[in-house]
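These protein sequences, in sequence, are chains A, B, C, D, E and F. Using the UniProt record's numbering, read the first sequence as starting at 1 and increasing by one per residue. Using the UniProt record's numbering, read the second sequence as starting at 1 and increasing by one per residue. Using the UniProt record's numbering, read the third sequence as starting at 1 and increasing by one per residue. Using the UniProt record's numbering, read the fourth sequence as starting at 1 and increasing by one per residue. Using the UniProt record's numbering, read the fifth sequence as starting at 1 and increasing by one per residue. Using the UniProt record's numbering, read the sixth sequence as starting at 1 and increasing by one per residue.
Please keep in mind that the hints were generated in silico from the structure rather than gathered at the bench. Where is the CB? At the ideal position from N, CA and C, for every residue including glycine. Errors might be hidden in some of the hints.
As the list claims (entries may be wrong) - Computed cross-link-like contacts, PhoX-like style, restricted to lysine-lysine with a CA-CA straight-line distance of at most 25 angstroms:
{"id": "1", "chain 1": "A", "residue 1": "LYS69", "chain 2": "F", "residue 2": "LYS69"}
{"id": "2", "chain 1": "C", "residue 1": "LYS72", "chain 2": "D", "residue 2": "LYS69"}
{"id": "3", "chain 1": "A", "residue 1": "LYS35", "chain 2": "E", "residue 2": "LYS72"}
{"id": "4", "chain 1": "F", "residue 1": "LYS35", "chain 2": "C", "residue 2": "LYS69"}
{"id": "5", "chain 1": "A", "residue 1": "LYS69", "chain 2": "D", "residue 2": "LYS35"}
{"id": "6", "chain 1": "D", "residue 1": "LYS72", "chain 2": "C", "residue 2": "LYS72"}
{"id": "7", "chain 1": "E", "residue 1": "LYS35", "chain 2": "A", "residue 2": "LYS69"}
{"id": "8", "chain 1": "B", "residue 1": "LYS69", "chain 2": "E", "residue 2": "LYS72"}
{"id": "9", "chain 1": "B", "residue 1": "LYS69", "chain 2": "A", "residue 2": "LYS35"}
{"id": "10", "chain 1": "F", "residue 1": "LYS35", "chain 2": "B", "residue 2": "LYS35"}
{"id": "11", "chain 1": "D", "residue 1": "LYS72", "chain 2": "C", "residue 2": "LYS69"}
Stated by the list, open to error - Part of the chain E face toward chain C, derived, beta carbon under 8 angstroms:
{"id": "12", "residue": "ASN5"}
{"id": "13", "residue": "LEU57"}
{"id": "14", "residue": "ARG63"}
Number of protein chains: 6
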Amino acid sequence: MPYVNIRITREGATPEQKAELIGGVTDLLQRVLGKNPATTVVTIDEVEFENWGIGGLPVLDYRAAQAAKEQKR
Amino acid sequence: MPYVNIRITREGATPEQKAELIGGVTDLLQRVLGKNPATTVVTIDEVEFENWGIGGLPVLDYRAAQAAKEQKR
Amino acid sequence: MPYVNIRITREGATPEQKAELIGGVTDLLQRVLGKNPATTVVTIDEVEFENWGIGGLPVLDYRAAQAAKEQKR
Amino acid sequence: MPYVNIRITREGATPEQKAELIGGVTDLLQRVLGKNPATTVVTIDEVEFENWGIGGLPVLDYRAAQAAKEQKR
Amino acid sequence: MPYVNIRITREGATPEQKAELIGGVTDLLQRVLGKNPATTVVTIDEVEFENWGIGGLPVLDYRAAQAAKEQKR
Amino acid sequence: MPYVNIRITREGATPEQKAELIGGVTDLLQRVLGKNPATTVVTIDEVEFENWGIGGLPVLDYRAAQAAKEQKR
Chain A
1 MPYVNIRITR EGATPEQKAE LIGGVTDLLQ RVLGKNPATT VVTIDEVEFE NWGIGGLPVL
61 DYRAAQAAKE QKR
Chain B
1 MPYVNIRITR EGATPEQKAE LIGGVTDLLQ RVLGKNPATT VVTIDEVEFE NWGIGGLPVL
61 DYRAAQAAKE QKR
Chain C
1 MPYVNIRITR EGATPEQKAE LIGGVTDLLQ RVLGKNPATT VVTIDEVEFE NWGIGGLPVL
61 DYRAAQAAKE QKR
Chain D
1 MPYVNIRITR EGATPEQKAE LIGGVTDLLQ RVLGKNPATT VVTIDEVEFE NWGIGGLPVL
61 DYRAAQAAKE QKR
Chain E
1 MPYVNIRITR EGATPEQKAE LIGGVTDLLQ RVLGKNPATT VVTIDEVEFE NWGIGGLPVL
61 DYRAAQAAKE QKR
Chain F
1 MPYVNIRITR EGATPEQKAE LIGGVTDLLQ RVLGKNPATT VVTIDEVEFE NWGIGGLPVL
61 DYRAAQAAKE QKR
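Could you build the full structure based on these sequences and the hints that come with them?
Below, the structure written as structure tokens:
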């Protein structure tokens, strides 16, 4: 009877990949905790880049900053 | 002051139906717990079919599998 | 197959009241959208007073401020 | 390592405003609780008007009702 | 950079089982979508029985009803 | 009318610090987006260490691994 919510940035996950996530999480909960797959619900939220922040920055700015840092090394 | 989040698959709920959900949940919280409607917030999330899983499958595959099972009976 | 999350302040809701919320929301979703009660999941989160804010204040401070305002009228 | 979810009605927040929210919340958590900005995640959900309810009404109906009340005063 | 929230009924999941869930979900996201484990956040919410509803009933009532149905067959 | 949910590990945030978070987020939303503080709701979820994962590990194991790495440098 678990409920799982997966939040990722919207960047092209395919229906096949989403099906794999749904199946994989459901299996994991059955294997580890014996949860019944029949009543396991999984939802996936795809969040626009500008709506996702990390390190105090929108994610694309964050990635650009990380890449710039890498180059300087 | 409650906050309620309703998550459903996106399959054509009308503005009238959503208004009915909002009103109905707000009434319920007032009737059962005496919560003030003025500060009761309700949000509805409509989730794409491919982003909703149950029984280890994306919901449309799940429904197809259920329908096939019914037919076999 | 809906998922509903109800968040309220923790202030003594009884198991009977919670059962009424669960039943009431499930009925509402069936009546308004034809959702199957068998796969409707409802969770209730009870949040401590100091973890709930409204009007920029923790809820007990907010209520005290509202009560003070009422008295002045 | 905090996770913050900000839900607002979808009514034209710009990328710059969202970046300000992300930066502001991340700063706040560092200043108040010493949380590391590097692992602070912020997501913003923009919710359609018809999917947001307050006072038992969809938000646009609610605003219209409030405006009508104001005028009567 | 994904965020995953797993909600289960509170019924004795051990720290080892929780670690297995955390590791398993993080692996899955890396394998399926190439997500970086370093910034994958997983939270587990354990919900009291009386705060979890399915089929319009608190979960323990639901399980009792299911068991009674099974016996009748 | 925004709703904000802040999730942190449970490690001793005081009522004063929580009040500061509530006030700070509410101010931020007013300053950046002109949101009315009167209807801004903020909830704080404190999550047990064993229920929070990052980098594929429960957070205390993750911190220990990070500290060990630091020492080796």
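With the threshold set at 25 angstroms, check whether the alpha-carbon distance from B:LYS69 to E:LYS72 stays at or below it. holds (22 angstroms)
Restraint status (C-alpha distance of D:LYS72 to C:LYS69 at most 25 angstroms): Holds: D:LYS72 and C:LYS69 sit about 22 angstroms apart, inside 25 angstroms.
Starting from F:LYS35, check that the Cα of B:LYS35 is at most 25 angstroms away, please. Distance ~23 angstroms between F:LYS35 and B:LYS35 Cα, so the pair holds.
Hint check: is the beta carbon of E:ASN5 less than 8 angstroms from a beta carbon of chain C? E:ASN5 check fails; min Cβ-Cβ to chain C is 11 angstroms, beyond 8 angstroms.
Are the Cα positions of A:LYS35 and E:LYS72 separated by 25 angstroms at most? This hinted pair holds, its Cα atoms lying about 24 angstroms apart.
Quickly compare the C-alpha distance for E:LYS35 and A:LYS69 to 25 angstroms and report which way the hint goes. Holds, because 20 angstroms separates the two Cα atoms, which is no more than 25 angstroms.
Can you confirm whether the C-alpha distance between D:LYS72 and C:LYS72 stays at or below 25 angstroms? holds (23 angstroms)
Holds or violated: are the alpha carbons of A:LYS69 and F:LYS69 at most 25 angstroms from each other? The given pair, whose Cα atoms are some 20 angstroms apart, holds under the 25 angstroms limit.
Restraint check for A:LYS69 with D:LYS35, where alpha carbons must lie at most 25 angstroms apart: Holds - the C-alpha atoms of D:LYS35 and A:LYS69 are around 22 angstroms apart, at most 25 angstroms.
Given hint E:ARG63 near chain C, where the shortest CB pair must fall under 8 angstroms: violated (14 angstroms)
Hey, F:LYS35 versus C:LYS69, does the alpha-carbon distance stay inside 25 angstroms? holds (22 angstroms)
Does E:LEU57 hold up as a contact with chain C if the rule is Cβ-Cβ below 8 angstroms? holds (7 angstroms)
Consistency note: the structure conflicts with the earlier hints numbered 12, 14.
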